[in-house]
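The primary structure of each chain is shown beneath.
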Amino acid sequence: MISAVHLSHAFGGHKALQAVSFRVHKGEFAFLTGRSGAGKTTLLRILHGQLPLQAGKARIAGYDLASLRRGRLPLLRRDVAVVFQDFKILPDRTVAENVRLPLEVCGLPDGQIARRVDSVLAVLELERAANLPCAVLSGGEQQRVAIARAMVAGPKVILADEPTGNLDRDMALRLMDVFKQFHAHGVTILMATHNHDIVAATPQARVLNLEAGFLGQAGGACPAGGAA
Amino acid sequence: MPRRGRGVILLRRALARAFLQIGGAPGLHLMAALALALACFLAGGLGLFLANLEGNLLEKHGHAQFRIYWKPGADMAEVRRQWETIRAMPGVDELTGLTPEESLESLRSTMDEGYDFPRPAVATTLPPKALASFAVRGTDTSPARELLERLKALPGVERVRIAPAQLDVAQALRSLSAAALGPLAGALALAVALVAYLAARLCLEGRRAEVELMRLVGAKEWFVRLPWVVSAALTSVAGSLMGLAALAALRLVLAGRLYGPPLWIKLAPMPLEETAAIVALAACMSALGGLLAARR
Numbered sequence: 001m002i003s004a005v006h007l008s009h010a011f012g013g014h015k016a017l018q019a020v021s022f023r024v025h026k027g028e029f030a031f032l033t034g035r036s037g038a039g040k041t042t043l044l045r046i047l048h049g050q051l052p053l054q055a056g057k058a059r060i061a062g063y064d065l066a067s068l069r070r071g072r073l074p075l076l077r078r079d080v081a082v083v084f085q086d087f088k089i090l091p092d093r094t095v096a097e098n099v100r101l102p103l104e105v106c107g108l109p110d111g112q113i114a115r116r117v118d119s120v121l122a123v124l125e126l127e128r129a130a131n132l133p134c135a136v137l138s139g140g141e142q143q144r145v146a147i148a149r150a151m152v153a154g155p156k157v158i159l160a161d162e163p164t165g166n167l168d169r170d171m172a173l174r175l176m177d178v179f180k181q182f183h184a185h186g187v188t189i190l191m192a193t194h195n196h197d198i199v200a201a202t203p204q205a206r207v208l209n210l211e212a213g214f215l216g217q218a219g220g221a222c223p224a225g226g227a228a
Numbered sequence: 001m002p003r004r005g006r007g008v009i010l011l012r013r014a015l016a017r018a019f020l021q022i023g024g025a026p027g028l029h030l031m032a033a034l035a036l037a038l039a040c041f042l043a044g045g046l047g048l049f050l051a052n053l054e055g056n057l058l059e060k061h062g063h064a065q066f067r068i069y070w071k072p073g074a075d076m077a078e079v080r081r082q083w084e085t086i087r088a089m090p091g092v093d094e095l096t097g098l099t100p101e102e103s104l105e106s107l108r109s110t111m112d113e114g115y116d117f118p119r120p121a122v123a124t125t126l127p128p129k130a131l132a133s134f135a136v137r138g139t140d141t142s143p144a145r146e147l148l149e150r151l152k153a154l155p156g157v158e159r160v161r162i163a164p165a166q167l168d169v170a171q172a173l174r175s176l177s178a179a180a181l182g183p184l185a186g187a188l189a190l191a192v193a194l195v196a197y198l199a200a201r202l203c204l205e206g207r208r209a210e211v212e213l214m215r216l217v218g219a220k221e222w223f224v225r226l227p228w229v230v231s232a233a234l235t236s237v238a239g240s241l242m243g244l245a246a247l248a249a250l251r252l253v254l255a256g257r258l259y260g261p262p263l264w265i266k267l268a269p270m271p272l273e274e275t276a277a278i279v280a281l282a283a284c285m286s287a288l289g290g291l292l293a294a295r296r
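So the protein sequences, as listed, match chains A and B.
So that you can map any letter, position 179 of the first sequence is 179 in the numbering used here, and since no number is skipped, the others follow by simple counting.
So that you can map any letter, position 93 of the second sequence is 93 in the numbering used here, and since no number is skipped, the others follow by simple counting.
Incorrect hints may have been included.
[Stated by the list, open to error] Calculated pairs, EDC-like style, for lysine to aspartate or glutamate (alpha carbon to alpha carbon, straight line, at most 20 Å):
| no. | chain 1 | residue 1 | chain 2 | residue 2 |
| --- | --- | --- | --- | --- |
| 1 | A | Lys88 | A | Asp64 |
| 2 | A | Lys88 | B | Glu94 |
| 3 | B | Lys220 | A | Glu97 |
| 4 | B | Lys220 | A | Glu104 |
| 5 | A | Lys180 | A | Glu141 |
| 6 | A | Lys88 | B | Glu212 |
Just so you know, the hints here were simulated from the structure itself, not pulled from any lab data.
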């Protein structure tokens, strides 16, 4: 589902990633750990097509990033959703308006959008907040809105960049339960984090450790909803 | 769902977003429309001024006049036929013919009251003559030269006179207006485009996060940009119509004051085609501005 071979990336003279190679199988849950500045966000941004592939090869959800044309990038982003550390939600819009955005840009009819939004909000216990503007929500609720938005279009892969970075321990663990729930339905998840608590609380996940742009030892793989 | 059906839904949503964008920031769009109105008012005003200046100048100085003299004693029936022939010649706007008697009468009216010519004697020595007014078009002098040759070749014509300075003035006016209009129209189109681009850019700044987010969740580029193009064009059409309406009102006020003694200046309204061209140009340049403003 996700593969990288000798992936390198530099910002000017600074080498953010150096010959990183790994593979995450379909239905697998993997953590990308490492200190701040280790290259976790850079790797996720490359896999989501936000940064160009400078060296090496990468594939995700069936898309070869080296040969991906610009016009097909939106299609990749419909199959590969991202949860950002800073949520990236629109504070002046309601919860439902934020969550429906990925479905609106796909051209789904309004009726189908409403059904899917209701269903994902119910899973994330946000149905009562559906018509509230996001600005009035707590940090944990806003992050759940971001997760709902990522999940609503039924992506094959979720890339999560420090999704619990701005939350307290309890809220972080509760959100991890939500991710585990989606993982149990076969979604492949690659989550960047430096929170050891949530890594420890997810024993079924494999750990990829990035240090100064290099990928260290990887743990065992454990696909949940699909074959390795 | 069929791909075409989704395309229609997306198009409808993109257009709805254009209206939502305007509704979401009405003050900003109103200011943008006013800026465009001002640009179109100035553009239209300058165009109106130039067109009327040209019209007024050419009416007074844009014609070359040929004075045609026939031989004294020429057959007046033949001369009158030739006047009709000259009137039908291309480029001739007006022809005033004078028989020897009419020339004498004209001459007499300029003399002191009470003075009289010995009519029959003088009338026989005066030639029939005509004053042909030729409209100068473009900077090419050859039509005027050709007409001169044709007039000289008419049977019974003794001589034809033309004032070269008059022809030069008319040609200079033509070439001046032709040279000025192109660059001015270009500069004004650029000004409209810049105003539209800046207005769209300002609107976009307030919605940068949303635009970026749409791209991140898989929106195609045309879906992201179309609302900006449409809202910029709509704002521009509204602005340009406001500007041109203000200009039309101003022209009505000025036209009454200018067409009277001592000026007698006619202030013609802007032709419908030119008005439509300004609105269309402003809309196109604004749409381009919106397209550029929403680029990655």
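Please list, smallest to largest, the hint numbers that this structure does not respect.
1, 2
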